[in-house]
Structure formats: structure tokens, C-alpha cells
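Engineer: Take a look at the letters that make up each chain.
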Amino acid sequence: MNDLVFFWLFLKASLFSTGGTGNLPSLHADLISRHIATDRQFGQSLIIGQISPGPSGLWVVSLGYLTYGLAGSLLALIAITLPPLLIVVVDRYYRRVEDHPSAGAFVRGLTISVIAVGAVVLVKVLLGSGGSIGSALAIAAAAAGLTLSRWVPVVAIVAAAAVAGLIAYGV
Amino acid sequence: MATSTQSHKSSASEEPTVAITAGALFYVWFLIGLQSFGGGAATLALIRQAVVERRNWLTPEQFSRYWGLVQVAPGINLFALTILIGKRVLGWRGVIIALAGLLLPSGAITVALTGLYARYEHARAMESVVRGVLPAVVGIAFVVGYRMVKPFLLECRREGRASVATASLIVAGGVATGFALRWPVVATLLISASLSAAVAWVRHRRLGAGR
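In the order they appear, the protein sequences are chains D and U.
Position 155 of the first sequence, counted from 1, bears residue number 154 in numbering that gives the first Met the number 0, the numbering being contiguous throughout.
Position 68 of the second sequence, counted from 1, bears residue number 67 in numbering that gives the first Met the number 0, the numbering being contiguous throughout.
This is chain D alone, in the form it adopts within the complex (with noise of 0.2 Å):
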């Protein structure tokens, strides 16, 4: 496995995708097929995302240097960075592009896709994040009902879950 190969599986992940996470199926396919990352690196990278400060996408900078090191960060963050730069050649050609009926269509399309592919990902992430599966899918449904209630700060649930952990599984 060489730059090229790992900076390629990165930007085809981004350049097909929506939002932070929408390079997660993609991502978790390659990268897990390859042996180059395993689903406790995902979950790693994923919450150390969630923690630190940056837009959402940034989990996979984290992936990228548990999987390849700070040549691997770097390449994971041009990765993410290059896709969004043809929003300016659409702005610059195709007006209004955005009122076009298939225009928000495909991108509808493909979010529902990501989601769907996704849940199941982000289920076998959790089903490898160690310990007890009954108590993780407990935290993970508090973590949903506590998130959808918008009454818990995201950072307090996740402070909440690091507690619990300590508490199931000891120090």
C-alpha cells in the first residue's frame, strides 16, 4: 500500500458523498477489505472526532494518522478538502444548477443511500467496540433518545458515556 493507493481511497470516499460522515461506507469498505484499517480504528477515529474541536469531517484525519501516520493525516485532509472545490467551477458555469429538478433529486438520492449504507457500518462499528454488546446498544440508545431531545449538550452525553465506561468496566 503506497501514498497514492491510501490518498485515492480517501478522495473517491469524499468526492461520492455528503456531509462529515458520508465518506464512512465507502471508506469503511476499502479500508477494511485492504487490512489497512480495522473497525476498532474506525470507532477510535470517530470519536476523537467527535471530541476535537473542526467541522465534523475531521474524524478521518484522525484515521488517517492511526492508520498511516502524519503522512496519513495529511493526505486524508487534502482528501476531503479537493471534492468541495468544484462547487466554485458550478457556480461558475451551471446557474442556478440548484433549481434544477434531477440536481436535488441526485443529491437526495444519495444521501438516502449513504444513510442506509451507513447505519449498517456505523452497526458493525459498535458491534466491535469491545465489552458487553447488550450494554452497548443500551449507551447507544441512551446516547440516540438524549441527542433526539436536544435537552443534553452533545458533549455532556458523550462526557456521560466516558463515566459509565469507567464505571461498567473499571480502571
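Just so you know, these hints were derived from the structure itself, not from any lab.
Note that the Cβ used here is the ideal one computed from N, Cα and C, for glycine as well.
A portion of the hints provided could be inaccurate.
[Said to hold, decoys possible] Restraint ranges, calculated between C-beta atoms of paired labels, are given here: (1) A186(U) x W150(D): 36 to 42 Å; (2) E52(U) x K123(D): 40 to 46 Å; (3) V88(D) x E52(U): 34 to 40 Å.
Let chain D serve as the given structure and place chain U on it in line with the hints.
Structural biologist: Chain U in isolation, oriented as in the chain D frame:
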């Protein structure tokens, strides 16, 4: 230290632009980058507050137009928005400055945190924390995904049977792809997106010019 410059006019129909310093642009995006914890909606609000409300670099209409436009951008929408605003304000130089402000400091912190984590990865306490936090992050991600997809699904339901059927097919295909280890994910994404676009085109033709 910072140089002042007139930004480029990207087309004759756009308004004359204002002089903004490179330093100010970097500083604004630097702050946005450091404060972006809550995810997309919070970051969007930060950008709007900084760029539209506080500094008038964009009018509310221009901002809305950009936000609508970046929905069809490949990759992360907020990056595309950053790029468009940076370009408007200081041309290609502005693009680099805004992206650098947004990404380099927070990217560096992310790498540092990862390094720190890797150092203590095998400590029992760290392992316990991960076992608690990872399921929580997955739960949060599910909610984020749900919030992202819900308006689209409601839109499909409003549009009628064809759209609902298409959406159901896409969901089924996506789930199947999640389990199929050899099938390229990108193929599923592209097929789903193209199918959705095709159905919309047919629907548009059938309904005539007015949607």
C-alpha cells in the same frame, strides 16, 4: 502583516465587493474552526453570524443562495460554503486562507488528540472509556443521519408513490450494500443518485413546467 486587497468580481451581475484583509479572513475562520463542536447546524450558524450578521461580507440573500448551491457540491457542504465565501471575498487566495483557518488548527488538534490517545490506548481506563463512548458516538451518529434524511423522506412522501418507491428501493439497496463485502459502495451511491435524478426528471416532464 496582513495585506489589504479588493476582491474579484466573479461576474458582472454581482455586486461590487468590499476590501477585507487576509488576516481578518483567516481569523474569522480560525474561530469558526475552533468552535465547531456541535456538528453541521451549529457550524453553519457560526458562519452566518460571523459573515452575514457581524461583518456584512455577504447579504442574507447571498448567504442563502450559497447554502442552497452547496447542497449539490461533492463532499462536505460546509467546506464548499467556506470555499465560496473565501473566493468571493479574496479570490483564490481567500479560498486558501479560509480553508486554512478552518482546518489547520483544528486538524492539528485532532492529530495531537489522536497521538495522545494512541499513547494511552492500552491503558485499562482508556479501554473502558472507549467501550462507553463508542456506542454513544454511534447513537449520536444515528440521530444525525436520521435528521439528515428525514426531510428528504418527507419530501418523497409528498411527491407521491413513485418517489416513495424509489426511496424504498434506494434504502434496500443501501442496506444490502452494507452487508455485501465485495460490492463497491460508490457504485451503489451513484446508481441510487442517478435513479433518483431520472425519476425526478420524468416526474418533472410529466407535470409540465410548474412543479
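Engineer: Hint by hint, say whether it matches the structure.
Structural biologist: Here is what the structure says about each hint:
1. At roughly 41 Å, the beta-carbon separation of A186(U) and W150(D) lies within the given 36 to 42 Å, and the hint holds.
2. A hinted range of 40 to 46 Å for the beta carbons of E52(U) and K123(D) is consistent with their spacing of about 42 Å.
3. Take V88(D) and E52(U): their Cβ atoms lie about 29 Å apart, and the range 34 to 40 Å is violated.
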